[in-house]
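Undergrad: Protein chains in written order, with UniProt numbering: chain A, 1 to 391; chain B, 1 to 414.
No lab work stands behind these hints: they were computed from the structure.
Quick caveat, the model's predicted, so the values are computed rather than measured.
Some clues are possibly wrong.
To be verified - Covered stretches of chain B (in silico footprint by chain A; criterion: 3 or more residues with CB under 8 Å from a CB of chain A, positions within the stretch not fixed):
#1 48-58
#2 88-99
#3 175-188
#4 373-382
Even for Gly, the Cβ is constructed at its ideal location relative to N, Cα and C.
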Amino acid sequence: MILSRARQSYDGVVLAVPVTVPYQRYSIETAHWWMGKALRALAEGAGVSHRDFDGFSVSSFTMGPDSAIALTQHFGLTPRHLDHVPMGGASGIVSIRRAARAVQACDADIVACVAADTNQVDTFRKTLANFSRFAQDASYPYGAGGPNASFALIARHYMDTFGATREDFGKLCVAQRDNALKNPHALMKKPLTLEQYLSARPIAEPFHLFDCVMPCAGAEAFLVMREETAASLGLPFVRLLSVIERHNAFPGDPVQVRGGWVIDRDELYGMADVKPDDMDFVQTYDDYAVISMMQFEDLGFCAKGEGPDFVRQHTFTIDGSFPHNTSGGQLSVGQAGAAGGHLGITEAMRQLLGVAGGTQVEGAKLGLVSGFGMINYDRGLASAAAILARA
Amino acid sequence: MTEPLPKPNRKNPLVRTRQPLLPPASRSHKAHGLTLAAAAGRFMLQCCGECGQYTYPAREACPNCLSADLPFKDAPTGGVLLSETRIEVTGDPYFREHMPWRTGLVRLDCGPSAVVHLHGDCGGPGSQLSLSLQLDRVGQAVLFARPVSETPDMEDDPQWREMTADPKYRRVLITDGRSPVAVALAIALKKAGAAKVFVGVADRWKPFEEQKALEAIEGVEIVDLDLTSERSIQELAMDIGAKVEILINTADHVRPTHLFNAGAINTAREAMDHTAMGLMRLAQAFGPVMRSRGADGKTGAVAWVNVLSVHGLSNVPQFGVHSAAHAACLSLSQWLRSELRQGGVRVINAFTGPLDTEWFQTVPPPKVAPKVLADAIMDGLKRGLEDIYVGDVAKDIEARLFDNPKAVEREVGQ
């Protein structure tokens with residue numbers, strides 16, 4: 001038996017300066033250009049020089065051939081905590097967890113967490129063709145459908161097993177589009193009706209056009225620090241109450257029906273001393289609506305298999321009974337590569353700082369952000385979640 | 001239900017011939033364990049030597065016990081469909097031309113889950129399936145799931161046809177009509193639905209026994225072809241090169257001699273001229289046009305078959321020159337394979353033991369009957385194999401070479 005102790009709290013860890021570099025469908029710039037924009041906005045927002053960031057945590061699919069160390073020279077940073085978090089949609093929350101421990105232990109004072117990706121005309125195809133060894137060996141050569149095809153297999157099985165319908169997925173997508181119309185950064189500017197969703201052209205059954213995110217270029221970033229640092233800089237901040245990550249959970253499941261959240265959710269709520277019902281909003285990782293539904297179940301908002309019913313019983317707009325992906329989520333804002341995993345974090349920070357503008361949920365004090373990533377072969381491997389609170 | 005393949009219309013000469021495109025080709029080194037199995041039509045997956053658990057995709061360590069002892073072993077071919085999709089949109093140019101494309105997630109009877117190409121006649125989730133390893137158009141191994149029992153016209157499934165070289169509605173050239181296997185091949189090809197069979201014959205004024213039999217088969221056309229003459233081959237290629245979708249090279253030249261004989265060099269030169277040089281001349285004349293027609297409609301160029309002696313894999317002294325010539329052909333075939341792969345055209349080698357003919361009069365049985373060889377080649381074309389071992393002698397040598405090539409060398413002819 002391995003001796004295991006309760007995790008230590010994240011007391012005193014805060015997040016500040018949410019940054020979004022407005023997305024573009026295609027960009028002729030590199031990921032580095034987008035990172036530079038994000039770093040500058042972080043420095044300006046914090047009122048310090050970027051050279052004062054003594055921690056740097058970066059996520060990107062398109063920064064090759066550079067690694068994190070090369071970026072320090074590129075941007076003139078001299079960090080003592082340096083991290084590359086290549087975990088796709090989970091990388092934002094994983095960055096928070098690692099940065100939190102670094103500032104708690106005073107290994108660093110301010111960690112700049114940046115996710116940026118470019119999207120040149122052929123970037124997406126190249127990323128898919130070289131995604132991972134298992135993908136190259138055993139999924140991409142099968143129709144080259146990319147994540148659409150892989151998640152279609154998961155979605156079809158979920159529908160067959162738990163009775164979810166395309167209308168259920170559509171309800172989430174339509175609500176998110178409604179939210180996105182209030183977010184000036186969202187790439188999708190037109191309203192979406194359920195009829196349009198249902199009659200869109202098929203991509204990989206059961207997925208049709210509006211089930212899929214649109215790849216784009218963009219960056220998301222924020223700072224992690226101790227409360228005392230934020231106070232000394234006079235920065236508004238949100239508190240980190242708890243955070244979990246888990247990778248390759250349930251490897252014996254023949255097809256993915258759950259993520260690693262199931263293993264760690266009790267700890268997530270326990271450390272924060274809150275219940276799922278206490279959340280004022282939830283930002284799930286919405287690469288596909290079926291994955292959001294899985295998160296409702298696995299994060300304890302309903303039981304396994306009750307996701308479809310949960311969707312039927314709630315409304316998901318900003319003023320709905322369950323405010324969800326208030327920015328519009330990746331489905332309507334766009335998926336800027338790895339920044340897709342940071343999108344929910346910056347939006348949650350704005351909600352709790354009370355600066356979300358048109359997407360503001362009235363009186364939001366407590367929110368949950370979830371991350372999911374890396375379809376290495378037949379399933380998403382990484383799952384993560386954090387609970388943030390108004391200071 | 002599979003839609004039967006319609007008989008192709010005559011080609012419109014005004015329409016551009018499509019350039020062949022290939023599916024994604026990158027694979028890890030370990031994944032080529034599947035290629036080895038697929039080439040011979042076997043179904044093998046990694047199986048841990050310590051804990052006995054099967055694993056997939058190909059790995060360097062067993063995820064159950066971390067043993068590095070993960071050889072590829074024959075595996076049960078059954079599985080259950082867990083989920084399926086029909087891909088309509090892709091960024092890959094090859095698959096884009098073949099949309100929609102059906103794939104599924106299968107729970108293999110031996111344990112792992114696998115993404116597979118799905119035959120159109122497979123039922124929905126919950127169906128029992130039969131798995132095989134196939135070589136796709138770029139020559140890489142892929143998993144293919146078919147229904148457990150045969151369905152009507154199932155070989156016409158468009159995805160299955162991408163994995164095979166079915167002779168149906170295709171035109172075939174048999175390069176040497178004097179070969180003892182030519183008649184059997186022509187009959188088998190017609191039975192398999194080939195649209196036309198050209199049979200090359202050198203010095204047609206010299207009568208040969210099988211001429212009548214060949215002429216009696218409907219759809220067979222005898223053409224002038226001397227494999228020792230570059231000019232003869234070029235002339236035929238100019239005439240029918242763009243009409244050959246499957247080429248079967250039956251050239252052979254069996255003349256026993258001893259290595260120390262004064263005239264052995266001449267025997268070898270002649271054998272090489274007929275076989276290795278003949279193959280090279282054929283490649284030069286027919287290779288480029290076949291490669292360029294790999295995507296020429298539903299019945300475009302698809303395969304090049306070499307009938308080789310299994311002794312090309314390990315020399316047998318009684319037929320030393322013959323063995324050496326076929327070893328040279330084997331090497332050339334690998335070169336040809338890498339060239340034709342760019343057009344999605346596969347090179348198949350049929351390794352045969354001694355045929356039951358005059359030139360092998362002194363060899364004791366078992367020998368290979370021409371019909372057996374022809375049927376094995378048809379089977380290889382229909383299943384999309386790359387290496388076919390025909391007859392008991394060839395199969396015996398294949399197994400023994402796999403086990404210990406030095407032992408084969410020491411024990412041969414004893």
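Undergrad: Work down the list of hints and note, for each, if the structure agrees.
TA: Going down the list of hints, with the structure as the test:
no.	hint	verdict
1	48-58	holds (count 3)
2	88-99	holds (count 7)
3	175-188	violated (count 0)
4	373-382	violated (count 0)
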